[in-house]
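Participant: Quick mapping for you: the protein sequence lines, in order, are chains A and B.
Under the numbering used here, read the first sequence as residues 1 to 577, first letter to last.
Under the numbering used here, read the second sequence as residues 1001 to 1320, first letter to last.
These are computed hints drawn from the structure, not numbers from a lab.
Be a bit skeptical, because a hint or two may be false.
[What the hints assert, rightly or not] Within a straight-line C-alpha distance of at most 30 angstroms, the following computed DSBU-like cross-link-like pairs (lysine-lysine) qualify:
1. A:K130 <-> A:K114
2. A:K210 <-> B:K1090
3. A:K44 <-> A:K107
4. A:K211 <-> B:K1090
5. B:K1060 <-> A:K44
6. A:K244 <-> B:K1182
7. A:K44 <-> A:K440
8. A:K215 <-> B:K1165
9. A:K399 <-> A:K304
10. B:K1182 <-> A:K210
11. A:K167 <-> B:K1165
12. A:K297 <-> A:K210
13. A:K114 <-> A:K325
14. B:K1165 <-> A:K304
[To be verified] Between beta-carbon pairs, the in silico distance windows are:
15. A:D328 <-> B:I1101: 29 to 35 angstroms
16. A:P364 <-> B:S1185: 30 to 36 angstroms
17. A:K252 <-> B:E1091: 48 to 54 angstroms
18. A:G379 <-> B:Y1147: 55 to 61 angstroms
19. A:R444 <-> B:P1145: 22 to 28 angstroms
20. B:L1021 <-> A:T179: 46 to 52 angstroms
21. A:T489 <-> B:I1255: 50 to 56 angstroms
22. B:V1064 <-> A:K165: 25 to 31 angstroms
23. A:E207 <-> B:Q1054: 27 to 33 angstroms
We put the CB at the ideal spot given by N, CA and C, even for glycine.
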Amino acid sequence: MRRRALRALTPAVAVSLAVGVAACGGGGNKSSTSGSSNVTQGKKGGTLQVLAGNDFEHIDPGQAYYQFDYMMQFVTQRPLYNWKPNTKTVPDPDLAAGPPQISNGGKTVTVKIKKGVKFSPPVNREVTSKDVKYAIERAATPEVANGYVGVYFGDVIGWSDFPKKSKDITGITTPDNSTIVFKLTRPTAATVAQALSLPASAPVPEEYAKKYDQKNPSTYGQHMVFTGPYMMTSYQPGKRAVLKRNPNWDPKTDWRPAYLDQIVFSMGNDTTVASRQILSGQNGVSGDFGAPAPIVKQASTSKKDQITFTPSSGNRYVSLNTTIKPLDNINVRKAIIAVTDRNALRLTRGGPSVGDIATHFIPPGMPGFEEAGGMAGSGYDFLKNPNGDLALAQSYMKKGGFPSGKYTGNQKLLMVGDNEDPGAKTAQVMQTQLQKLGFKLNFRQVPHDTMYSKFCNVPKAKVAICPNVGWLKDFNDAQTMMDPTFNGTAIVPVNNSNWPQLNDPKINAAMKKAELLTNADARAKAWGQIDNMVMADAPAVPWLWDKQANIRAAGVNGVINQFNASWDLAYTSLKNP
Amino acid sequence: MGTYIIRRLLWVIVLLFLVSLLTFIIFYLFPSADPAALRAGRQPNPALVEQIRQSLGLDKPWYVQYGRYMKNLILHFDLGTSYQNNISVKEQIFQRLPATISLTVGAVVVWVVAGVSVGILSAVKRRTWLDRTAMTGALIGISAPVYWLGLVALYLFANDIGKIKIFSGANSYVPLSQDPAKWFSSLILPWLVLAASFAAFYARLLRANLLETMSEDYIRTARAKGLGERRVIMRHGVRSAMTPVVTALGLDIGILLGGAILTESVFNIPGVGRLAYDAITRSDLPMIQGTVLFGAFFIVMANLVVDIAYAFLDPRVRYS
């Protein structure tokens, strides 16, 4: 399921994260989520089938930025830091030999690289710090066009000069083959440190990749080399990808057990058919889809040990454009939130097992969640009844200038939603909620990409309601959930993520202040309060803190990666390989 | 005939040019999504989106973009690169063509055999229980949506999730060159599903035409001359009744070679149809353009083949 990604953390985040990162000692095994196996010893061997509805978005580590892409990247590439199955707050060293060293008042990050990590054939040589520098630099070029490096690494000295004015990023230096140093213009070291867990820091050999990177767009993705336990031996776009063991991978340098001999990704499946195949088969797991609602229902009753529900650390909501009449009236927005049957919305995705009804925006488990009121929220009356409260909604409509309790204007509100289930069903349910208050809608259902790139992400398109939006973390910090989505300064003409176009000066100021806090508790409190302030403005209908429903065959010993909320293929094994 | 064929081939070129222009106008001038924003991926800054727009030439006037596209197409047979995976459009289409051809040819054999047999039987045994049963079955076959029929077939007969485990299920397709036996078994259910509605349509079409033909004077003459009934039907009746069937067959083959989207989707057969569907859902404009052009090529060529076949089937038809 597509989600929107994060944005930059700011200096203060960095410090608290730096503490976490520095304290990270390589993580022990903890018990995993309900329904999945613990991280225990598995049997070596066998072939796992990963069934997916669609292709990877990108296989090039310089471009990968999607949950399904990460499933493959986690086992084929070794960025400086990475996420063990039970770690979702602070990443563990992967290519790095230890935690990042932050100095110079938060303006320098130094990382030591492990020795003995080699590239797969045909490169075959040992990885050096220069390969990491090249990997990050190539991600900044338009030929690779990575979506997040500019946001997270934008404070590196020389970043804005590359590639037009400078042939490299001067702020990234490699004093020796096993050291890489990032020098920053601002004290955002911990932001950079966390960003080093994203695939763009996975090493790329310049002498091999440059010829592919000079093409526009880069064709390195078709000729990649790997550092992880597996390598991609074949890739047929939209059809199939096969991972086999990387002969140059040294398990002594890695914490991944890599039990499987082979992993086969099969793409283009009908998700209902694929779900049935997984549940009745012996060696399959779900890839890029959460199990469809009927399958969730069936598996939850008759195959409980084959389905897991993992918090995705994200939210889903219906955005209300605060710049379009009559939604520019706060009482009208409160009325819409009050009338919305959020349980009905949740049913479209499978019911209570797929997540908790949201009462604000920071998801469970994230700092700031409890401070924002936890599951109950901060007690606003328009969010009290998850089944909707028509009487309350009508009272808000009256306050909003509609004495009959219903909208009586002539304006048709443009609502643009997904045309594929379950998003399509969610949008249709939302339509009926709005009609209870007399709203007339111009309701369009379009492909997912179109919904975002042509409508909801484009303020000029003047979409009043986007019923299928949501946000997902990159790191475990509430700023990454609230800042890009509700900060008035984050509104941009293209690829805008502040869908309600909320521009409340008090909230903007509070965010600016909270960005600079360094103490973790203070940050959690501040961002929790901001969540409440945003909710008080009623810019959206939060309806789900969702859990990803992942399914596996009976013969699979599945291990969930908590960070990615998907199967961790480096730890998953077959019961009888 | 030779002149006719050459003239028609020239028209093929003109038609394909018009199709490419129309497709370009639809998808480039009225895109369903912003290609640069999609290419930039998630959460890019506006400057990056603009950079990509320039690097892909999307900032140029539409006629410059079209000219560039046509120049690459005519001079290098280059259909561009997919925005989705940066791989050549031509390469991906040709990789998937064998699967689509496998699906189409097999289904054609099934539906021609079934449709023609049922159509002849129904016409010959008009108004009997055989005729009524066959036509009712044909009505169901035409009415049932292919996707639904495919799912039902899987849930009933697939050897992994079906109730009666006979046939290979979804996602089991392998190329003919890799394993002929598996290739054949993986396509039985898709062939039957795809052929169902066509066979039904052809049966009804042939039945109607044959009934009309069998009432012609020359059929009465053939009988009067003492020819056996089977010969009268097959040699004289069916031959004339087949001409509209041949027309439909040619067009249907042409359309399917452009991709049987629904059947490929439900059975996860990696053909051109599925490629086109994925391209549309992801607003992969070069891929959409490429698959549309391919589809148009097959339809136009199929038209030409059918028209030529007419001249052999029907001696009254002569081209100059």
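Participant: State for each hint whether it applies.
Facilitator: Hint-by-hint comparison with the structure:
| no. | hint | verdict |
| --- | --- | --- |
| 1 | A:K130 <-> A:K114 | holds, 13 angstroms |
| 2 | A:K210 <-> B:K1090 | holds, 24 angstroms |
| 3 | A:K44 <-> A:K107 | violated, 44 angstroms |
| 4 | A:K211 <-> B:K1090 | holds, 22 angstroms |
| 5 | B:K1060 <-> A:K44 | violated, 55 angstroms |
| 6 | A:K244 <-> B:K1182 | holds, 23 angstroms |
| 7 | A:K44 <-> A:K440 | violated, 60 angstroms |
| 8 | A:K215 <-> B:K1165 | violated, 49 angstroms |
| 9 | A:K399 <-> A:K304 | violated, 48 angstroms |
| 10 | B:K1182 <-> A:K210 | violated, 41 angstroms |
| 11 | A:K167 <-> B:K1165 | violated, 62 angstroms |
| 12 | A:K297 <-> A:K210 | violated, 50 angstroms |
| 13 | A:K114 <-> A:K325 | violated, 58 angstroms |
| 14 | B:K1165 <-> A:K304 | holds, 25 angstroms |
| 15 | A:D328 <-> B:I1101: 29 to 35 angstroms | violated, 57 angstroms |
| 16 | A:P364 <-> B:S1185: 30 to 36 angstroms | violated, 48 angstroms |
| 17 | A:K252 <-> B:E1091: 48 to 54 angstroms | violated, 40 angstroms |
| 18 | A:G379 <-> B:Y1147: 55 to 61 angstroms | violated, 47 angstroms |
| 19 | A:R444 <-> B:P1145: 22 to 28 angstroms | holds, 24 angstroms |
| 20 | B:L1021 <-> A:T179: 46 to 52 angstroms | violated, 57 angstroms |
| 21 | A:T489 <-> B:I1255: 50 to 56 angstroms | holds, 52 angstroms |
| 22 | B:V1064 <-> A:K165: 25 to 31 angstroms | holds, 28 angstroms |
| 23 | A:E207 <-> B:Q1054: 27 to 33 angstroms | holds, 28 angstroms |
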